[in-house]
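*Asks:* So the chains spell out like this:
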Amino acid sequence: MNAPSSIPALEVRGVSKSFPGVKALDNVSFTIKRNEVVGLIGENGAGKTSLLKVLNGIYQPDEGELLVDGRPVKLASPRQAFDTGIAMVFQEQTILPSLTVAQNIFLGREEEFLRFGLVSKARMNEAAAVELKKVHLDIHPGTACVKLSFADRQMVEIAKALSLDSRITGNITILLDEPTSVLERKEVELLFAIIADLKKRASIAFISHRLDEVLAVSDRVYVMRDGKVVKEFDGKDVTEKDMHQHMVGRQLHTEYYREARQTACSDKVLIEARNLSKAGAFRNVSFALRAGEVLGIAGVIGSGREDLARCLAGHTKSDTGTLEVNGQRARFASVPQATAQGVGLVPAERKVEGLVAQFSVAENMTLAALPKFVAKGLLNFGAETAQAKSWIDRLKIKTPSPHAMTGGLSGGNQQKVVLAKWRIAGVKVLILDHPTRGIDVGAKEDVYELVRDMTSEGLAVILLGDTLEEVIGLSSRILVMRDGEVTASFEAPPGGKPTQIDLVQHMV
Amino acid sequence: MQTRKATSFSYLDQWRRWAPLAVLIALCILIGLFNPNFLSTGNFIRLLNSAAIPVVLCMGATFIILMGSIDLSVEGIVALTAVIASLLVANDITAYKLGLFAVPVAMAIGGLMGLVNGVVHVKLKTPSFMTTLGIGFAGLGIATAILGGLTVRIADPTFRYLSLGRVFGIPMAVWIALAAFLVALTIQQRTRIGAWIYAIGTDEVTARFAGIPVEKTRILVFALAGLFYGLGGVLAAAQFGQGHALIAQGRLFTTITAVVVGGTALSGGVGSVVNSIIGVFIVVVLANGMVLMGIEPYVQQGVQGLLIIAAVALALDRSRLSVVK
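Protein chains in written order, with the working numbering: chain U, 1 to 508; chain Y, 1001 to 1325.
By construction, these hints were calculated from the structure, which means they are not laboratory data. Be aware that a few hints might be false.
[Unchecked claim] Pair ranges (Cβ atoms, derived): (1) Y:A1026 <-> U:F150: 16 to 24 angstroms; (2) U:G426 <-> Y:I1025: 38 to 46 angstroms; (3) Y:A1145 <-> U:A383: 54 to 62 angstroms; (4) U:V356 <-> Y:Q1189: 36 to 44 angstroms.
Quick caveat: nothing in here was measured; it's all calculated off a predicted structure. We put the beta carbon where it would ideally sit given N, CA and C, even for glycine.
Model the full structure from these sequences, guided by the hints.
*Replies:* Encoded structure:
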């Protein structure tokens, strides 16, 4: 074990990094001491991943310097970072399914197994077995990774980073970017055990959205916001609430779900479903959705609520039952039909289904309502931009311009673009499928605020919430689904909300 | 100690893996039922012989397709190298008599053409589709220009032995194809480049992050493919005893069909040279079977065309594919 030294293992001094329109890192200073676990927290888009990518040689900083063991270094590539003693476990996995476990672990570093230009698979597998043992993964190193589960691939990814251990003689630093998001509880515990063990020899930086995890493993915590380090906590005398506060930069108040703004719903029924059924998805679902109402649907995966949402928005057809929109029989055979009747779906897979990442903010916003911007067969760009601008202001979307590429925005801002798209299309009923999944606390509050805005304007929302707490907090009425059927219905007026237990007992 | 077992492959994946072999066996049985001659030793050797050149060409093309690229320069490079090889051995137009030394020269020229493919594709960042189409036409053009549209006749029996000679009753071309396969298999399984090809084809960004010299690898693989095509050109010249610009006609389609029918994905990262061997035999057996059954040549071409579409359609996992370009 190395004696703790005053020279940090890794130090970042005044690093800045800009991308078109966004300052990802703004004069960031950050150190990891030897044998220390440093937690890095912040909202999405705060710059955590960018910082790690600078440390791993993927991004080259515009300004500032990097010091390893007190010596200034320039890291031009992840490979160079590795040779310097820095390895990173990526948020999005980099395990290649077509290669074997051993080939993945030593990808790009096969030279140590070369003999006469040929790779000795036996020696490579042997070396890989050593690394796999560290993560307690009992698989043959020659197994193709396509056969592994996501969690196992994550463990291979970690083993890949740990292979640094036996290859670099000096200090090593392991950067972990949300390594736990695909892991089960047991594996998370195992990872923590590995981190505790690794600490004897390595320095570790750890990003996670689960603050309890950060608290559990970190000796020190940095909070980032808007590309800057805004707070550094020493020791373990810090609470989740403290961290929250600094992440959002404002006090978390009890008014999180804006219950005061919950509107009493009108008598005007916007959608009425009677005995909707779809084989293998849901059965005999009936409900009436009134203007100004937030109808929450609670249920576990497989409860049929996702299928119901897709069906209501015209993505799939129901087998039997009737649907009335504004008192008229409707049967949506396609999404445009549903849109024309005023029903829109904000899908859970924002990047895949909700947005065209390569399109500009303005283009995405007007996508569902293009005919409104067409005059004499030609698109009126001026009107499109003006409309986009007004919604950018209204929803406080952080984008350099209406013409910036949507893919470059943070998750929360992308979600706002999706919401604006449906507002521009003039929908009366908006189905929100996990609208706050993967977006940070501040952006979540913005989404809640927008939901309240919509209902007070007489729109209705069907909400498939990310958490039960969210469903309860936002909804004025809650349906509980289990195995495709509605098992309970709760009124949820402000001050008279059902508890999570009330809901859960009908869910499972 | 807490341990985890690998989750098993789905049946569908298993089926995709073995489908090409199943198709080949089914084809052999079906054609054998129609015409027992199909299963004779003589026909078997004929099959091997007609598979020889496609196998050599496929070895190069497989690596390119595994990288997620495509190589349409096959015919151009085969034609040019065949013409050059025929002009370098004893022939009726030039006075060169290099004999077997013509082989490495022709292969080197093939490799050089491949290198140009790679360098242009990587340095100018032009899609491989367009680059190789262009270089291929350039090759055909040069081949035509060298001979002025004429045909050169080869008068070197040693050179022709490369195709026609027999060892243990099996044509020399088959042995050469076997050697090409073993070399390709070694490259795929036992060299760094082999693993890198899969890595690049699966996820180029990850490959780059891992420190793989992606550009160099791409260029090298295109050059390597050129070497195989050069060898294919030599075999074609030796087989027909002549060189002319049209000698490679139809080779491109057969090559790509065989690679794809064998189960190598056009999207890259999935497949192998072993798959391509099976693919070549599917194509060759089908062609041979249709001849035995007396089907017209034009119909045969049509069947080949349908085959490649069927193979791609079957190989795709459409449940995960919502957008097709």
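*Asks:* None of the hints should be skipped; say for each whether it holds.
*Replies:* Evaluation of the provided hints:
1. Y:A1026 <-> U:F150: 16 to 24 angstroms: For Y:A1026 and U:F150 the Cβ distance comes to about 36 angstroms; the hint is violated.
2. U:G426 <-> Y:I1025: 38 to 46 angstroms: violated, 60 angstroms
3. Y:A1145 <-> U:A383: 54 to 62 angstroms: holds, 58 angstroms
4. U:V356 <-> Y:Q1189: 36 to 44 angstroms: Given about 41 angstroms between the Cβ atoms, the range holds.
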